[in-house]
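Undergrad: Read off the chains here:
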Amino acid sequence: DIQMTQFPSTLSASVGDRVTITCRSSQSIGRWLAWYQQKPGEAPKLLIYDASNLESGVPSRFSGSGSGTDFILTITSLQPGDFATYYCQQYNGQYTFGQGTKLEIK
Amino acid sequence: DVQLLESGGGLVQPGGSLTLSCAASGFSISSYAMSWVRQAPGKGLEWVSVIGTDGGSRYFADSVKGRFTISRDNSKNTLFLLMSSLRAEDTAVYYCAKEHGSSWCYFDSWGQGSLVTVSS
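In the order they appear, the protein sequences are chains A and B. Its first residue numbered 1, the first sequence is counted upward by one per residue in the numbering used here. Its first residue numbered 1001, the second sequence is counted upward by one per residue in the numbering used here.
Hint data in this document are derived by calculation from the structure and do not stem from the laboratory. As the structure is a prediction and not an experimental result, all values here were calculated from the model. Glycine included, every Cβ here is placed at the ideal spot set by N, Cα and C. Do not rely on the hints blindly, as some may be mistaken.
If you want a taste of the chain A side facing chain B, the calculated C-beta under 8 Å gives, among others [unchecked claim]:
1. Ala-34
2. Ala-43
3. Pro-44
4. Leu-46
5. Tyr-49
6. Phe-62
7. Ser-67
8. Gln-89
9. Tyr-91
10. Gly-93
11. Gln-94
12. Tyr-95
13. Phe-97
14. Gly-100
Okay, derived cross-link-like pairs now, EDC-like style, lysine to aspartate or glutamate, Cα gap no bigger than 20 Å in a straight line [what the hints assert, rightly or not]:
15. Lys-45(A) to Glu-1089(B)
16. Lys-1076(B) to Asp-1054(B)
17. Lys-45(A) to Glu-104(A)
18. Lys-39(A) to Asp-70(A)
19. Lys-39(A) to Glu-55(A)
20. Lys-1065(B) to Glu-1089(B)
21. Lys-1043(B) to Glu-42(A)
22. Lys-102(A) to Glu-1046(B)
23. Lys-102(A) to Asp-17(A)
24. Lys-39(A) to Glu-1046(B)
25. Lys-1043(B) to Glu-104(A)
26. Lys-1065(B) to Glu-1046(B)
27. Lys-39(A) to Asp-1108(B)
28. Lys-39(A) to Glu-104(A)
29. Lys-1076(B) to Asp-1001(B)
30. Lys-1043(B) to Glu-1089(B)
31. Lys-106(A) to Asp-17(A)
32. Lys-106(A) to Asp-82(A)
33. Lys-45(A) to Glu-55(A)
34. Lys-102(A) to Glu-42(A)
35. Lys-102(A) to Asp-82(A)
36. Lys-1065(B) to Asp-1(A)
37. Lys-1043(B) to Asp-1062(B)
38. Lys-45(A) to Asp-1(A)
39. Lys-45(A) to Asp-1108(B)
40. Lys-45(A) to Glu-1046(B)
My request is simple: use the sequences and hints to build the entire structure.
TA: Right, dumping it as structure tokens:
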């Protein structure tokens, strides 16, 4: 089974900051990686698919990069609504989610 | 507008059974693989099961294999999760999720979730 390691588990930042979240897979998954945002009491929302493609309607301050085993989600110019939990997910055969990164207001 | 609406959650005793339904609207599920994903209270996301477009291919997480089954009724645009031999660790919000394609793809739409509580 492919394991996904996501870090940091918690990230404190301020409005306007640029932040990065890293996701590492236990074996190469090509570019078969998605990022989701989840707010308390809500379902996850797709942000990025195929490692770097922005889902329709998602602000351009969100971007994804990487391939193989190492992936990064970058959020520039943090907005109040961006404080949430973020998950990576691989879909290179079966599915695995990272443990999540909670983005908190500093 | 794509919508997924789960139902059937509730309180069940350990060892009991429960069936979740996910009614889809705004698209035809017959063209997409569909999955169930769960989230235990305060925990992260865990994929549970996926079913192919015609129901012929079904896969399960090791944690539920042999206890859960997944099915679909394309004529009613509805997805199901039949859960048996339930354990306390199955307590979670269960989401149905639409895949972008017909197999092994990301989830582009999610339902609002249905809470299953396994407790005596």
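Undergrad: The structure should be examined with respect to each hint, and the outcome stated for every one.
TA: Results of checking the hints against the structure:
1. Ala-34: This interface hint holds because 4 Å falls under the 8 Å limit.
2. Ala-43: 4 Å, holds
3. Pro-44: Holds. Min distance 6 Å.
4. Leu-46: 5 Å, holds
5. Tyr-49: 5 Å, holds
6. Phe-62: 15 Å, violated
7. Ser-67: Nearest chain B Cβ about 16 Å off; hint violated.
8. Gln-89: 7 Å, holds
9. Tyr-91: Given a least distance of 5 Å, the restraint on Tyr-91(A) holds.
10. Gly-93: 6 Å, holds
11. Gln-94: At 7 Å from the nearest chain B Cβ, Gln-94(A) passes the 8 Å test, so the hint holds.
12. Tyr-95: Since the shortest Cβ distance to chain B is 4 Å, the answer is holds.
13. Phe-97: With Cβ-Cβ at 4 Å, under 8 Å, it holds.
14. Gly-100: Gly-100(A) check passes; min Cβ-Cβ to chain B is 4 Å, inside 8 Å.
15. Lys-45(A) to Glu-1089(B): Answer violated: Lys-45(A) to Glu-1089(B) is near 25 Å, above 20 Å.
16. Lys-1076(B) to Asp-1054(B): Holds, at roughly 13 Å.
17. Lys-45(A) to Glu-104(A): Holds - the C-alpha atoms of Glu-104(A) and Lys-45(A) are around 18 Å apart, at most 20 Å.
18. Lys-39(A) to Asp-70(A): Violated: Lys-39(A) and Asp-70(A) sit about 25 Å apart, past 20 Å.
19. Lys-39(A) to Glu-55(A): Distance of about 17 Å is within 20 Å: holds.
20. Lys-1065(B) to Glu-1089(B): With Cα atoms ~14 Å apart, Lys-1065(B) and Glu-1089(B) stay inside 20 Å; holds.
21. Lys-1043(B) to Glu-42(A): Answer holds: Lys-1043(B) to Glu-42(A) is near 14 Å, not above 20 Å.
22. Lys-102(A) to Glu-1046(B): 17 Å, holds
23. Lys-102(A) to Asp-17(A): Holds, at roughly 15 Å.
24. Lys-39(A) to Glu-1046(B): 16 Å, holds
25. Lys-1043(B) to Glu-104(A): Measuring from Cα to Cα gives roughly 17 Å; hence the hint holds.
26. Lys-1065(B) to Glu-1046(B): 14 Å, holds
27. Lys-39(A) to Asp-1108(B): 16 Å, holds
28. Lys-39(A) to Glu-104(A): 11 Å, holds
29. Lys-1076(B) to Asp-1001(B): Holds, because 17 Å separates the two Cα atoms, which is no more than 20 Å.
30. Lys-1043(B) to Glu-1089(B): Given pair Lys-1043(B), Glu-1089(B) holds - Cα atoms ~12 Å apart, limit 20 Å.
31. Lys-106(A) to Asp-17(A): The hint holds at about 10 Å.
32. Lys-106(A) to Asp-82(A): Roughly 13 Å separates the two Cα atoms, so the pair holds.
33. Lys-45(A) to Glu-55(A): Holds - the C-alpha atoms of Glu-55(A) and Lys-45(A) are around 10 Å apart, at most 20 Å.
34. Lys-102(A) to Glu-42(A): 14 Å, holds
35. Lys-102(A) to Asp-82(A): 10 Å, holds
36. Lys-1065(B) to Asp-1(A): Cα-Cα ~15 Å, so holds.
37. Lys-1043(B) to Asp-1062(B): With Cα atoms ~18 Å apart, Lys-1043(B) and Asp-1062(B) stay inside 20 Å; holds.
38. Lys-45(A) to Asp-1(A): Distance of about 25 Å is beyond 20 Å: violated.
39. Lys-45(A) to Asp-1108(B): Holds - the C-alpha atoms of Asp-1108(B) and Lys-45(A) are around 8 Å apart, at most 20 Å.
40. Lys-45(A) to Glu-1046(B): Within the cut-off at roughly 15 Å; holds.
When held up to the earlier numbered hints, the structure conflicts with 6, 7, 15, 18 and 38 and fits the remainder.
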